[in-house]
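Here the protein sequences line up with chains Z and C, keeping their order. Each residue of the first sequence is one higher than the last, beginning at 80 in the working numbering. Each residue of the second sequence is one higher than the last, beginning at 4 in the working numbering.
Be aware that one or more of the hints could be misleading.
Here are some chain Z residues the structure puts well away from chain C; computed CB gaps all over 10 Å [said to hold, decoys possible]: (1) GLN179; (2) GLY217; (3) ARG228; (4) GLU235.
Reference listing, derived: stretches of chain Z covered by chain C, where coverage requires no fewer than 3 residues with Cβ under 8 Å from a Cβ of chain C [as the list claims (entries may be wrong)]: (5) 111 to 125; (6) 145 to 158; (7) 184 to 194.
Worth flagging that the hints you see were computed from the coordinates, not collected in a lab. Glycine is no exception: its CB is placed at the ideal position from the N, C-alpha and C atoms.
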Amino acid sequence: MPVPSKFQITVNGQLHTVEAQPETPVLWILRDELRLTGTKYGCGIAQCGACTILFENQRMFACRLPISVADGKEILTIEGLSDNKDHPLQRAWIAEQTPQCGYCQSGMIMSALALLQVNDSPTTDEIATHMTNICRCGTYPRIVRAIQRAAEEMRE
Amino acid sequence: MTRSPNRREFMFGSLGLTFAFTLPLSSCGRGTGGSDQSAFFTSWVNIDPSGRIVIQTPAAEMGQGSMTALPIILAEELDADWDDVRIEFSPADDRLYASPLSWIHGVMLTLGSASVAGYFDQLRLYGAQARRVLMEGAAERWQVPLSELSTEPSSVVHSATGQRMSYGEIAAFTEYPAEPPVVTIDELKDPSLFRLIGHDVPRRDIPGKVDGSAEFSIDMQLPEMLYATVVRPPTKGALPNEIDQTGLQDIQALVDVVTLPDAVALVAQNYPAALSAERAVNVRWSDAGDTTNFDSDNSVENHVRVAQDLKATGQVIQSNGDVDESLQGSGSRYEATFYTEMVYHAHLEPLNSVSWVKEDGSVEIWAGTQAPTHLVRSVARALDIETDQIVLHRTLLGGAFGRRGAQDHDWVVDSALLSKRLERPIKVIWSREADLKYGRFKPITGHYLRAADDATGQLASWHHRLASDEALEQSDPYRYEKTNQWPVIATVGLHSPYTIPNVKTEFLRTHTGMRISPLRGVGATANTFASESFLDEIAQAKAIDPVEFRLGLLQGSAAAQDVIEAAAEMAGWQGRKSGDPLGIAYAELDGTLFATVARIDKDSSPGNILVTDVWAAVDAGIPIQPNNIAAQFEGSIIFALSNILKERITVKGGAVQQSNFHDYSILRMRQAPTIHTRVIRSTRKPTGIGDTVGVSVAPAVANAYRELTGRRLQALPFLTEQPLA
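Extracted from the complex, chain Z is given alone in its bound form (with noise of 0.2 Å):
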């Protein structure tokens, strides 16, 4: 086994700086290096999306993405959505009383902030297929509603 090495990532626009073995999925280095833990582990096999980040502006799975091809690049988790907690779909999801236990919510809505950057008004449909999140709660339906509320108040 190689020996950890040093890798560079830009994470909600700060640059740090960490020692890894080249294998080790982000989703590990975002929770217990820098203590942003708001981005879950669930399986650990790319299913059900509580580990959803941006990277490269792209969905991903924090969990099989390795920091080694992480490394100078950008990602972004739920605590860099906004300075204020007020990112429109984080008023959405308040709005519409969207989540239960909460734990896949993180991962939902970095999920749909993908969704939004691409489409500005899905469709419920559209809406159905790009989430494939699992919430065992079973909060799709507030959801949905959630991601239409906040994609109305960002398209005005």
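Fit chain C to the supplied structure of chain Z, relying on the hints for placement.
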């Protein structure tokens, strides 16, 4: 009728006792702290001179919203300004915070949709007593009669003189008395005056859940903390014999491989290293004996056989009239067989905990639990220490669904034992694979039902035989003994809600040896699937409309008829065309009455049923948080649909065959139906929410499928249409 310690009877039976509560003084000065602490503090509510009102909440917050709903009830009667209220999780202490419900037997438990229903009267009286003390304090200061005072949010007002004082000002000079004033039920607020109850107060846990700041136990970090995973045997009861570590040599961050009583732990400086070690280690386990032979397919067949074998008499759960005789009458006879398979909880936050066993023997624990005092007792036993040496920090739960209520708290004992051994704080996270493969599942059930009409064609007898294992024995041995080993989990929902002259329901215990657990909806999920499918089949045979048939059997209950009529009306049942794939089901659970109508897509086939719409009408008593109740019903319906359309645990040779979400599917947004809920504005006391509506989804879908195809689905999940013998 057989007297039985049925869950629902316990609940109703407890109502007469509920007005003896007295808000206890705080036994310790916890809560507000600081130099400006007033003398106005109790175990449930503290008011400090700044006007801040801290309310302790005993229930776990696992998504159901009790963290907000319970303090609302106290704040309503206190007449608190909600903006002044802060919420804290109460300490783990059964003497102060146990549920008042008799069937919970004096412990803190968040389960069975029982938090709001259980604490409702107590919290109202506590709030009213605290308000009375504040009014008495103001009356004395102003030298006016108490009867001339009233309250406005967080203030006492003397309208004759226009004087007013805030609760904070009063708390600065008012001590909460050792003998609190007596407040009776008649002095509580008239529901028409409620400002908070029924008015959709935003949930307090939600802002932190949209910005990443909400703290689950998995998010806890401590200095010098190590990380661990655990490997458990594939079969229940096996013990670690030999650990082959050859695959572990290259994992530099690996700190230790520790043999626990029933597991092997891989401890590392970081979690990915522990995960790598979990995949690389090779443990040889002892022979687990009989459990190695467990095969879920065989077990399903056995459950069906046991249910059908009338030579074996079961434990009688309900008995009215004489079923055996009435089944021999001259009218039409009906029979049907059903079964249900194992389901995994799939809480999205894998089981985890953080423990810190310190040099002085004291212990701090961070964990999400439905049973905090059981957690403390289990860890104390494992470490051979006293419970008062343990401080539990209750965190939010990333889903629970019954799994985080297990009395033994295996996922917490792991970290406690490891922290003691390694003398460092330890975070144990069960990998998803470990969480699933060593899961404790909803047990398999088999059902055999018979019914018969009398000579006039009226449904006169009903016989439901349930074959199942009983999860309570494993999940909560304390309560299992307290209920005299009554099958509390398996038999929920076995009582027929209908007026039928002769009814018998029977329970036949199977001892499977599998790891099993209560799971959201408990036995009612399986029992309602069987009974409401069967009832529909009888209606079909009689060529009676399924809604009319149910209404006819519920003539004694206007409330039940109301929810059925509401659901039918919402779904456009009357105007539906022949062959329109709609199905209805009715059930009662935890005191709540609900009817569900489902519509399925016309291209549906077994294994590929698409549910397009679900309509649910519910009477759950006084709604505390109507919008949250609707959210819980939406969630409960989707959870149930996932269970019945997607989920199946299979076991071969004692070992679970699934390992993660690629081979254990959960319903995704794409397959979620449009959901329409109606919460009936009832004046009954609040009853259960989270467990309830979902249990009527399986039969509603099966009945819609029958309408579409003419064929009856007999097995949960709906992956096959194979008829049973």
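Just to make sure I understand the rule, a stretch counts as covered if three or more of its residues have a C-beta closer than 8 Å to a C-beta of the chain. Does the segment 145 to 158 of chain Z meet that for chain C?
holds (count 3)
Distal placement of GLU235 of chain Z relative to chain C, Cβ over 10 Å
At roughly 21 Å from the nearest Cβ of chain C, GLU235 of chain Z sits farther out than 10 Å, so the non-interface label holds.
Can you take a look at whether the segment 111 to 125 of chain Z is actually covered by chain C? Rule is 3+ residues, C-beta closer than 8 Å.
With 12 residues close enough to chain C, the hint holds.
Just double-check ARG228 of chain Z for me: nearest Cβ-Cβ distance to chain C has to come out over 10 Å.
holds (13 Å)
Cβ contact check, 8 Å cutoff: the segment 184 to 194 of chain Z against chain C, three residues minimum
n = 3 at 8 Å, threshold three: holds.
Say whether it holds or is violated: GLN179 of chain Z keeps its Cβ farther than 10 Å from all Cβ of chain C.
Label violated. Min Cβ-Cβ 3 Å, cutoff 10 Å.
Does the claim that GLY217 of chain Z lies outside the interface with chain C hold up, using a Cβ gap greater than 10 Å?
At about 3 Å from chain C, GLY217 of chain Z fails to clear the 10 Å cut-off, so the statement is violated.
The earlier numbered hints that this structure contradicts are 1 and 2.
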